[in-house]
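Enquirer: Each chain, letter by letter, is given below.
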Amino acid sequence: MSETDEDTQTEIPPDDTEVDLEAEFHSSNVQEVLDKLDRELVGLIPVKTRIRETAALLLVDRVRKQMQLSSETPTLHMCFTGNPGTGKTTVALRMAEILHRLGYVREGHLVSVTRDDLVGQYIGHTAPKTKEVIKKAMGGVLFIDEAYYLYRPENERDYGQESIEILLQVMENNRDDLVVILAGYKDKMDRFFHSNPGMRSRIAHHIDFPDYRPDELLAIARLMLAEQNYRFSPEAEKAFAQYIEKRRQLEHFANARSIRNALDRARLRQANRLFAGAGRKLTKRDLMTLEPDDILVSRVFSEGRPDTVDGAVPENT
Amino acid sequence: MMSNHGNRITQGQFSFLPDLTDEQITLQIKYALKNNWAVNVEYTDDPHPRNTYWEMFGMPMFDLKDPAGILMEVNECRKTFPNHYVRVTAFDSTRGWETPRMSFIVNRPKNEPGYRLIREERGGRSMGYTIVPYATDKPEGERYV
Ligand SMILES: Nc1ncnc2c1ncn2[C@@H]1O[C@H](COP(=O)(O)OP(=O)(O)OP(=O)(O)O)[C@@H](O)[C@H]1O
Ligand SMILES: [Mg+2]
Chain A
1 MSETDEDTQT EIPPDDTEVD LEAEFHSSNV QEVLDKLDRE LVGLIPVKTR IRETAALLLV
61 DRVRKQMQLS SETPTLHMCF TGNPGTGKTT VALRMAEILH RLGYVREGHL VSVTRDDLVG
121 QYIGHTAPKT KEVIKKAMGG VLFIDEAYYL YRPENERDYG QESIEILLQV MENNRDDLVV
181 ILAGYKDKMD RFFHSNPGMR SRIAHHIDFP DYRPDELLAI ARLMLAEQNY RFSPEAEKAF
241 AQYIEKRRQL EHFANARSIR NALDRARLRQ ANRLFAGAGR KLTKRDLMTL EPDDILVSRV
301 FSEGRPDTVD GAVPENT
Chain B
1 MMSNHGNRIT QGQFSFLPDL TDEQITLQIK YALKNNWAVN VEYTDDPHPR NTYWEMFGMP
61 MFDLKDPAGI LMEVNECRKT FPNHYVRVTA FDSTRGWETP RMSFIVNRPK NEPGYRLIRE
121 ERGGRSMGYT IVPYATDKPE GERYV
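Here the protein sequences line up with chains A and B, keeping their order. Counting from 1, position 263 in the first sequence corresponds to residue 263 in the numbering used here; the numbering is continuous, with no gaps. Counting from 1, position 125 in the second sequence corresponds to residue 125 in the numbering used here; the numbering is continuous, with no gaps.
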């Protein structure tokens, strides 16, 4: 024991040791993930900037560790706030990959859970449930969606509190083993932190996800269609822009998720349209193209209400 | 050999070696996870070699990516049963195997008194042999205090 202590003592690099951040950055392959983030996610500039900054911080921290300027693992637990469908889960997946490439988590997988996965139904049920989830997330990232539902102040015997306490312990003692990302709406998250200061103090990075602008939503729609080898005809794109305008005003609007759902329905209608027009000669182009009809029959136009509920169901309160 | 020098019980893998360190245990678990085996923590204070069914400490662990969670359970079990035998087993559920593929001791009582050898004289000058752990003279839970 004393021998290794001496070893590390003598190994402290002198202050003028050269540091090649650039090389560190390249060898971590983080750029690849950042590029993918840029390419696959429309908009989200503030989020992308924050992630870049966080990656830089972690990289510098890693080099500082090599130079023995710091020894502790930095707190990496994060909180993503934003409305439904603004890309929180998607970004969390990328974050897990970034942390993996920088060597802050060993495996880099994401375990995504909500209250039901953590909190039990009866006494003695919660601790094993929460621990099982934590064990699965070790080596990676534990993503807790709508984390504030863990805390139900109106029921003082709620088992959520037990789960929170286990999480707090693990977030403090197993910082090398897993990173926790909490996600949810901003105002509810703020209230949650207010009543759980222990949780707030363990979270180092807060990232806010803005709602998408209509033009960004349209760009997201194009991207989603392209991924599945579909596209809008020029008129269909105009119709979809109108759809976005109208849909945004209605209830349960869930940003990019509403777009994905609307496109799913449009594809269904396109398939029906192609069938109904049987006998007519079809081309490959017909199979790829969405027409205005596939969009305009939506209830959003005829009745001014959503076809289905896209987002998280709002609380009754 | 049922008991050996110092009466250290030898069962499963690695039991002739000095106790595994946590790092060594972690590497073994990593190997099990790499093979998609379900890992299990078990304990007993009845270490007779024919006692194959030890008590389970919690559920078997499926779908884990990293050994840290299992080591956490091992430590939890050591804390609860500091003077029991604790072992880690890895179960292979693939068809044709359906059996534990690994098993090794990760905790032992401070004192292991070993086994008494009993000779039974039978008819026709034949001899029967059996072993009895000294510890099991006492009831469960009081054996290694
Ligand atoms: N900027 C974007 N560019 C392209 N696709 C996006 C973008 N943001 C989100 N999406 C897509 O929208 C869908 C919903 O995103 P995601 O699940 O990440 O949202 P969320 O914020 O986690 O929502 P919730 O709060 O309801 O869980 C996903 O299919 C995702 O691929
Ligand atoms: Mg989500």
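Some hints here could point you the wrong way.
To be verified - Pairs of lysine-lysine, DSS-like flavour, derived with a Cα cap of 30 angstroms: (1) Lys246(A) to Lys65(B); (2) Lys48(A) to Lys246(A); (3) Lys79(B) to Lys138(B); (4) Lys79(B) to Lys34(B); (5) Lys48(A) to Lys65(B); (6) Lys188(A) to Lys48(A); (7) Lys65(A) to Lys65(B); (8) Lys186(A) to Lys131(A); (9) Lys30(B) to Lys65(B); (10) Lys129(A) to Lys188(A); (11) Lys65(B) to Lys36(A); (12) Lys131(A) to Lys246(A); (13) Lys36(A) to Lys34(B); (14) Lys238(A) to Lys36(A); (15) Lys138(B) to Lys129(A); (16) Lys131(A) to Lys138(B); (17) Lys79(B) to Lys131(A); (18) Lys246(A) to Lys281(A); (19) Lys65(B) to Lys34(B); (20) Lys79(B) to Lys30(B); (21) Lys246(A) to Lys188(A); (22) Lys36(A) to Lys110(B); (23) Lys186(A) to Lys30(B); (24) Lys138(B) to Lys65(A); (25) Lys238(A) to Lys284(A); (26) Lys65(A) to Lys48(A); (27) Lys186(A) to Lys129(A); (28) Lys79(B) to Lys129(A); (29) Lys48(A) to Lys238(A); (30) Lys131(A) to Lys34(B); (31) Lys65(B) to Lys79(B).
As the list claims (entries may be wrong) - To give a feel for the contact side, a few chain B residues facing chain A, derived at Cβ under 8 angstroms: (32) Met61; (33) Asp63; (34) Ala68; (35) Gly69; (36) Met72; (37) Glu98; (38) Met102.
Simulated from the structure, these hints should not be mistaken for lab results. Idealized CB from N, CA, C, for every residue including glycine.
Enquirer: Work down the list of hints and note, for each, if the structure agrees.
Expert: Here's how the hints hold up against the structure:
A threshold of 30 angstroms between alpha carbons decides the hint, and for Lys246(A) with Lys65(B) the separation of about 45 angstroms lies outside it, so the pair is violated. Restraint check: the Cα-Cα separation between Lys48(A) and Lys246(A) comes to about 28 angstroms, which is no more than 30 angstroms; the hinted pair holds. At roughly 22 angstroms between alpha-carbon atoms, Lys79(B) and Lys138(B) fall within 30 angstroms of each other, so this suggested pair holds. Proposed proximity of Lys79(B) and Lys34(B) is supported: the alpha carbons are some 27 angstroms apart, at most 30 angstroms.
A distance of roughly 28 angstroms separates the Cα atoms of Lys48(A) and Lys65(B); the hinted pair therefore holds under the 30 angstroms criterion. In summary, the hint linking Lys188(A) to Lys48(A) is supported, as the alpha carbons are separated by about 23 angstroms, within the 30 angstroms threshold. For the hint linking Lys65(A) to Lys65(B), the alpha-carbon distance of about 26 angstroms falls within 30 angstroms, and the restraint holds. At most 30 angstroms may separate the alpha-carbon atoms for a hinted pair to count; Lys186(A) and Lys131(A) meet this at roughly 27 angstroms.
Taking the CA atoms of Lys30(B) and Lys65(B), the gap is near 9 angstroms; set against the 30 angstroms cutoff, the hint holds. A threshold of 30 angstroms between alpha carbons decides the hint, and for Lys129(A) with Lys188(A) the separation of about 24 angstroms falls inside it, so the pair holds. With a CA separation close to 24 angstroms, the supplied pair Lys65(B) and Lys36(A) stays within the 30 angstroms bound. Restraint check: the Cα-Cα separation between Lys131(A) and Lys246(A) comes to about 45 angstroms, which exceeds 30 angstroms; the hinted pair is violated.
Note on Lys36(A) and Lys34(B): the hinted pairing holds, with a Cα-Cα distance of about 28 angstroms set against a maximum of 30 angstroms. For the suggested pair Lys238(A) and Lys36(A), the alpha carbons sit about 28 angstroms apart, so the restraint of at most 30 angstroms is met. The straight-line distance between the Cα atoms of Lys138(B) and Lys129(A) is roughly 36 angstroms, outside the 30 angstroms bound, and the hint therefore fails. Pair hint Lys131(A) plus Lys138(B) does not hold up; C-alpha atoms about 34 angstroms apart against a cutoff of 30 angstroms.
Of the supplied pair hints, the one linking Lys79(B) and Lys131(A) holds, its CA atoms being roughly 17 angstroms apart against a limit of 30 angstroms. As the CA atoms of Lys246(A) and Lys281(A) are separated by approximately 34 angstroms, the hinted pair breaks the 30 angstroms bound. Using a Cα cut-off of 30 angstroms, the hinted pair Lys65(B) and Lys34(B) holds, with the two alpha carbons roughly 8 angstroms apart. For the hint linking Lys79(B) to Lys30(B), the alpha-carbon distance of about 22 angstroms falls within 30 angstroms, and the restraint holds.
Taking the CA atoms of Lys246(A) and Lys188(A), the gap is about 27 angstroms. The hint holds against a cut of 30 angstroms. In summary, the hint linking Lys36(A) to Lys110(B) is not supported, as the alpha carbons are separated by about 55 angstroms, beyond the 30 angstroms threshold. As the CA atoms of Lys186(A) and Lys30(B) are separated by approximately 39 angstroms, the hinted pair breaks the 30 angstroms bound. Restraint check for Lys138(B) and Lys65(A): the C-alpha separation of about 53 angstroms exceeds 30 angstroms, so the hint is violated.
For the proposed pair Lys238(A) and Lys284(A), the alpha carbon gap of about 22 angstroms is at most 30 angstroms, so the pair holds. About 26 angstroms separates the Cα atoms of Lys65(A) and Lys48(A), which keeps this hinted pair within 30 angstroms; it holds. Taking the CA atoms of Lys186(A) and Lys129(A), the gap is near 27 angstroms; set against the 30 angstroms cutoff, the hint holds. About 20 angstroms separates the Cα atoms of Lys79(B) and Lys129(A), which keeps this hinted pair within 30 angstroms; it holds.
Distance check on the hinted pair: Lys48(A) and Lys238(A) sit about 29 angstroms apart at the alpha-carbon level, within 30 angstroms; holds. Among the hinted pairs, Lys131(A) with Lys34(B) is consistent with the structure: their alpha-carbon atoms are about 21 angstroms apart, no more than 30 angstroms. This hinted pair checks out: Lys65(B) and Lys79(B) have alpha carbons roughly 24 angstroms apart, not beyond 30 angstroms. Proximity of Met61(B) to chain A holds as hinted, the smallest CB-CB distance being about 6 angstroms (cut-off 8 angstroms).
Hint on Asp63(B) holds. Least Cβ distance to chain A is approximately 6 angstroms, under the 8 angstroms limit. This hint holds: Ala68(B) has a C-beta 4 angstroms from the nearest C-beta of chain A, less than the 8 angstroms allowed. Because the closest C-beta pair between Gly69(B) and chain A is about 3 angstroms apart, less than 8 angstroms, the hint holds. About 7 angstroms separates the beta-carbon of Met72(B) from the nearest beta-carbon of chain A, less than 8 angstroms, and the hint is met.
Given hint, Glu98(B) at the interface with chain A, is violated; its Cβ is 23 angstroms from that chain's nearest Cβ, farther than 8 angstroms. Hint status for Met102(B) relative to chain A: violated, with the closest Cβ pair at about 18 angstroms, above 8 angstroms.
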